[in-house]
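Listed below are the residues making up each chain.
Number of protein chains: 8
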Amino acid sequence: MADDGITPLGDYARLDTDRADRTGDPEVVFGPGKSPQQVVEILAALHEAHPGRAVLATRLDERCLDAVAGAHPTAVVDSVARAAALGPVPAPRGTVTVVSAGTSDAPVAAEAVLTARVHGAGVRTVTDVGVSGLHRVLAARDELLAADCLVVVAGMEGALPSVVGGLVGVPLVAVPTSVGYGASFGGVAALLAMLNSCAPGVTVVNIDNGFGAGVFAARVARNARPRSE
Amino acid sequence: MADDGITPLGDYARLDTDRADRTGDPEVVFGPGKSPQQVVEILAALHEAHPGRAVLATRLDERCLDAVAGAHPTAVVDSVARAAALGPVPAPRGTVTVVSAGTSDAPVAAEAVLTARVHGAGVRTVTDVGVSGLHRVLAARDELLAADCLVVVAGMEGALPSVVGGLVGVPLVAVPTSVGYGASFGGVAALLAMLNSCAPGVTVVNIDNGFGAGVFAARVARNARPRSE
Amino acid sequence: MADDGITPLGDYARLDTDRADRTGDPEVVFGPGKSPQQVVEILAALHEAHPGRAVLATRLDERCLDAVAGAHPTAVVDSVARAAALGPVPAPRGTVTVVSAGTSDAPVAAEAVLTARVHGAGVRTVTDVGVSGLHRVLAARDELLAADCLVVVAGMEGALPSVVGGLVGVPLVAVPTSVGYGASFGGVAALLAMLNSCAPGVTVVNIDNGFGAGVFAARVARNARPRSE
Amino acid sequence: MADDGITPLGDYARLDTDRADRTGDPEVVFGPGKSPQQVVEILAALHEAHPGRAVLATRLDERCLDAVAGAHPTAVVDSVARAAALGPVPAPRGTVTVVSAGTSDAPVAAEAVLTARVHGAGVRTVTDVGVSGLHRVLAARDELLAADCLVVVAGMEGALPSVVGGLVGVPLVAVPTSVGYGASFGGVAALLAMLNSCAPGVTVVNIDNGFGAGVFAARVARNARPRSE
Amino acid sequence: MADDGITPLGDYARLDTDRADRTGDPEVVFGPGKSPQQVVEILAALHEAHPGRAVLATRLDERCLDAVAGAHPTAVVDSVARAAALGPVPAPRGTVTVVSAGTSDAPVAAEAVLTARVHGAGVRTVTDVGVSGLHRVLAARDELLAADCLVVVAGMEGALPSVVGGLVGVPLVAVPTSVGYGASFGGVAALLAMLNSCAPGVTVVNIDNGFGAGVFAARVARNARPRSE
Amino acid sequence: MADDGITPLGDYARLDTDRADRTGDPEVVFGPGKSPQQVVEILAALHEAHPGRAVLATRLDERCLDAVAGAHPTAVVDSVARAAALGPVPAPRGTVTVVSAGTSDAPVAAEAVLTARVHGAGVRTVTDVGVSGLHRVLAARDELLAADCLVVVAGMEGALPSVVGGLVGVPLVAVPTSVGYGASFGGVAALLAMLNSCAPGVTVVNIDNGFGAGVFAARVARNARPRSE
Amino acid sequence: MADDGITPLGDYARLDTDRADRTGDPEVVFGPGKSPQQVVEILAALHEAHPGRAVLATRLDERCLDAVAGAHPTAVVDSVARAAALGPVPAPRGTVTVVSAGTSDAPVAAEAVLTARVHGAGVRTVTDVGVSGLHRVLAARDELLAADCLVVVAGMEGALPSVVGGLVGVPLVAVPTSVGYGASFGGVAALLAMLNSCAPGVTVVNIDNGFGAGVFAARVARNARPRSE
Amino acid sequence: MADDGITPLGDYARLDTDRADRTGDPEVVFGPGKSPQQVVEILAALHEAHPGRAVLATRLDERCLDAVAGAHPTAVVDSVARAAALGPVPAPRGTVTVVSAGTSDAPVAAEAVLTARVHGAGVRTVTDVGVSGLHRVLAARDELLAADCLVVVAGMEGALPSVVGGLVGVPLVAVPTSVGYGASFGGVAALLAMLNSCAPGVTVVNIDNGFGAGVFAARVARNARPRSE
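Chains as they are written, first to last, in the numbering used here: chain A, 1 to 229; chain B, 1 to 229; chain C, 1 to 229; chain D, 1 to 229; chain E, 1 to 229; chain F, 1 to 229; chain G, 1 to 229; chain H, 1 to 229.
Some hints here could point you the wrong way.
[Unchecked claim] Here are the in silico distance ranges between beta carbons for each label pair:
1) Ala139(C) x Gly33(F): 21 to 31 Å
2) Ala139(D) x Ala139(C): 16 to 26 Å
3) Pro226(F) x Leu145(A): 18 to 28 Å
4) Ala71(E) x Ala139(D): 20 to 30 Å
Everything labelled a hint here was simulated from the structure, so no lab data went into it.
Heads up, the beta-carbon is just placed ideally off N, CA and C, and yes, glycines get one too.
This is chain A alone, in the form it adopts within the complex (with noise of 0.2 Å):
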């Protein structure tokens, strides 16, 4: 690593290795633009200056998934998530659950769960709980009352996360997701929907960002007050 917190990586990448420092979580490989070879690269030089706990990798393709499970068969490779995390995965402090409406949002709330679990939270999931059979949710009240901070993916008219902040106060990230067709305007009606909602503080992120959600949650989970107090 170098002095000034910037290391390069060939020609191609300056890694902004002083971040764990300034935010307390390591700099994340995006993956879209990059050759398998150069996530694969870039992985390998984040978990080399953070050996204590694991780097992350998402949006990634085939061929990067591939990749990654080839050079670093230690890592977790996550397809459904599209994502890859290298190293000793945190102690989990606080609980984070993922809430999903419907099976077509699996990969983004997958993305949430391996990020807030790389970031140091433990993770549960409720899913398929979309609101046109409200009875699924209200049952899973106590689960969502258990957590610490709820993240809450929903496409189409994103109702969901207006439903679960009705029934509990628990911190709520929404998470719109590109699921739909026509007028959702690859997430749009639903991001719209999130930022309207009539349930007092639900805050959201953008289409499909399961990977920003994951790390808001876990940074308040793993801070959050424990439940035995």
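Starting from the known structure of chain A, arrange chains B, C, D, E, F, G and H on it as the hints suggest.
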């Protein structure tokens, strides 16, 4: 009434007095851009052409509402709905239930209520049942089930039609309202949410268009199989 | 079927087998994002839960259509509608008439037709009656009048619902299609036109959403007062 | 008039007095942002440069209309069109027919009418023929056929040009108006509908731009082959 | 041809064979969504109904163009315009001049050229006269003046119609093209520019709609007063 | 308070008095569309239902603020935040730090401050630290690190959350404001920038929604592990 | 001035008095949201910090302009530009030429002129040279060539920068204005046109942002190689 | 070269060989829509017309890059920039510094670099200095100050130009890139952020338009006062 189904009125209107024969319902006065004097005169002319059933004027401002009240003492003037009706309201056939999410949605709901009544349906209302307090809408399930057609009015994230549409299978017309701010974009967020509802069988009208929903719902309700069958 | 109205299927779905009790119609399989194997299995599970009436799968690609045809030889597989139904289609009650503007709108119209049939309505069709040749739609006025609910499908400028809605007072659900180019923006032009129809009582569903229109129209038609009264 | 076709006026305008030589029509005063005094002076200057034919000022507010009427007693001041003309209107050549869908479209239609007259065409009008009462537009077919160019003005869903364009093959300029509410977005719905018309040969101008349609239609009409041929 | 002006073709089309009587021009085959076989058959049916003048098919892909060339050896097949015509092209009356800004606009300009010819106008072209090299368009002023109607085709910022419309007063139809990138949004930038042209009398058609412009311009040109008068 | 958690108030509201039990926080009065009298009455009713802790009213205009101050002399009335609170503010647990980019963002920041206090968090502020003078935000790094949750308020290009989120790893809620002009589109530019922040773990609320950010941040802060651990 | 380059002013502002050292130009007062008193005080404080060169306040309403004129008799108060400057204007280095399309663009052009002067450039103007009268801009070619940087201001279709950018190679900053109506969308049409200019080397600022263009152009001009070289 | 500054090439292009005389720089080949053969020929023709200085082709796909490399062995072919130059690059005058936020922005930055060099400026680069790691851009302040013009390339939230523009007063051209996902809308988020930058004097080009920024910056830099003065 002219033979060709067109009744000229001064030089400012040509009434479609044939419409009731074609569609079962007379033409309606759309207030914007018309003077109080014109609204009064057109309402009178439509009443004369259709003496046996009420005729309707919508989107009336204060001055138009006052002018109608002054000129037609027997008219029903609804200042919340910003609408007025002249002539005998039909005996109700079937039931339209107008469900609204919040107090701010009242004018749109009231327009739907008066319109459905003037178009021959019985009307009931369920108010202030926003999704952030689900117990309120769950408590109204029997009232929802008793309807022949539902009109569900909501602004902000527009989630109420999805929740109601998951509880009962009654035909459901959703009305997005312009209630909200910021990225609600004057009702666009609610409109998109309703168009993308995951509950099957939700149809949608224009933003704040309680009138259109009322006409449609009345047509469904008054043609519905009587409950006693 | 589980006691709580939730039927887990592998680890990829939790069927809402209580839905038919709540809304009168069973859950429907939405194809996108599901494997042929999953579509086949969910359809079988829904059929088992609702042996007495047909269950539906929509938005199926070629591989899913073939898989359903192979696994369920008695299934109705409609390659134009990109949908399949398994189990006995209900005896038709009431009439839904599906009107379409042009040949390119055929897949959306076909989805509405199959959906309405599976949901218990009788269905008729009036095709290729775009507004640039008004004599075609005027000639169909009697067919339009005979319906209990109309589904009007159009792309481009989406004017057909306004014309039909001025001819008859039958409840009318408009379906904008993505047929068009340039400033049609994938069906947005037709969607906006239909939301702003000057014909009273037009309701609208999402772009290309023949399924939603079919469910809604069937619910209206099967509950309609019989014509012989 | 300056030799180079540029006539300075105070320090607030440089008139393009060469334009009539280049394009056949003199410059027009666009009112917004100009004081009543400036409108009066520019109109006088244009009249002086083109004494043989009327010159036009559009988009005038109350104060500008009054100022023109006071300063130029011979001017034609049209308060519906919010426009004024000074100087002899040309003898009409050819026929422009201005067709409008509803009473609220009157100001835009009136602007088209006055503009076409000042630019040398004969003008006829067909008013209040919205598509929800087709018999009104069908009854006007002969009037439509007799025109050399049609200007068709409509707001809301903007369907009238498609209907008219399917009835006759006369060159047709469509003018979307800002009449409507909610998802009409100030005339965007009508504009998109007209751009996507399924009737071949429909051209479009900006929202509420009766002036532009009038200039174009007059140029077509005054150059048209006389009917007696 | 059927008595009622509707000619069924297989179960996939109902030709509007009355259109030429109503509007002066026969129906046109719009290729997208049709099989090569269907295009060939419809073209043949239209040709049979209108043996005396060419009929047109547009937006044909490679396979359709090849099928038409194979089945109808006398057809004009224009691979740049992606269109084909069958039957005798009318003797030209009047002149349409198609002006285009850049080489990338060629397909749209070619569609306008073929359409105008098939619809009975004489056609000339002025190509590659973008506004960043004004001397090219200034040099063409005489050619522009000689036209009865101009079709001006441009992408990117769409400025060419404003420049041409300031040089000559010939009726001008502007065609925005989808040429451009980034914030051109598939032709929206050019479309908006043309709708807001400061040159009076510019009308606009849909993005890439050379066909619509060609129909319109031909109707203006073939009805224009002969130049020799 | 009614048994079912619904408290009717006149005929204009049905209070969700069960909400504090479900979510930990009582319902809040949203001012728009309510009369001063109604705001006063609802605030009183909520105070009566929750005497032990402050209740809040937001988005109050001048008349409402005056009415609350007159009717409830002990209320906190904040004219910058356009909000009022009635009842004892909870003892603060944890720390929310509200960071704002410019003076024009003051009302939104003030709404976040009062909301967070009423919802039980301690609050600090860092103001006028726009990114065009980075030394101002760099100088505040220790204050940022001391927070349990950050609320970062900015208009125009909305870059401040990205800069702050790169400096510290504290959970960060970004609030876009409608400050700006031209292509800021009432806060959309800032909203999009924040949703696309390259700093991981930034979440976003609606434009100008200081209230929502305040509720969320208070929930995170009051549940945070005490610093002395 | 504080040591850290931050000068607090009352409790409403923290001036960035270090900015001139960093960027060569002092902070500027942005008027909206500030009281006349605040504008006067901040202008005085900035003048005190930078006595040797003029400081600027922009976007001032009538009351602010009057207050500045009253409090600072030596200030330059420009009511067209809605801006004021206090202190000695720098001796001009280099030349900025501000070109505007129409009279309605005058306020934006005036803001650019004053800003460029205060930031140390010499300024010339070329006004009312819209593209619909090309002879006006062609006649100004020598003036355009003599500039070190051009600021080109236009509304409506925003074509002027493309035309000017094709005539000369001087660095060109385009300023879209909100002049226009209908589908100009408050300047969006001009903005998009300028971003898509086919003339190479055109850069763009926000709608109506004469200030931003003036700062940029002055920086280019005052650093330009003197012409006499 | 033709006398009139127009050089026809086959029937597919009319080169503006007068442009270098008018603007100081020759025409550039814009690749999209051109065949490899055409790119090779036009490049050769431009080289022949301007033998003394390099000519440029941009937006070349793989096949065009290969064709140019094969046909013109002396050409500079830059596969990252997807561009090629033929002929002697001018001796550099002044300095353009191209600053980019992330590795994914490399192609746009490379296009700016090659363009600026071909247009006669010296070029330096500062890469991978995103705002989430401010120490990287702060460390580059001296390099930024040494430039005559900055080109700042960024995607996602597009905050880098605001940060750089607050650090130095060098003329700054911002280039938004399409790097991002979800609500980045293909670069619109970055574009809007840059147009609304709170740092004075930031100008903007189209999304991904490294070419336009390079031309502009080179014109500023090569005309800049030499540093040794």
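Subject >> Numbers of the earlier hints that this structure fails to satisfy, in rising order >> reply: 1 and 4
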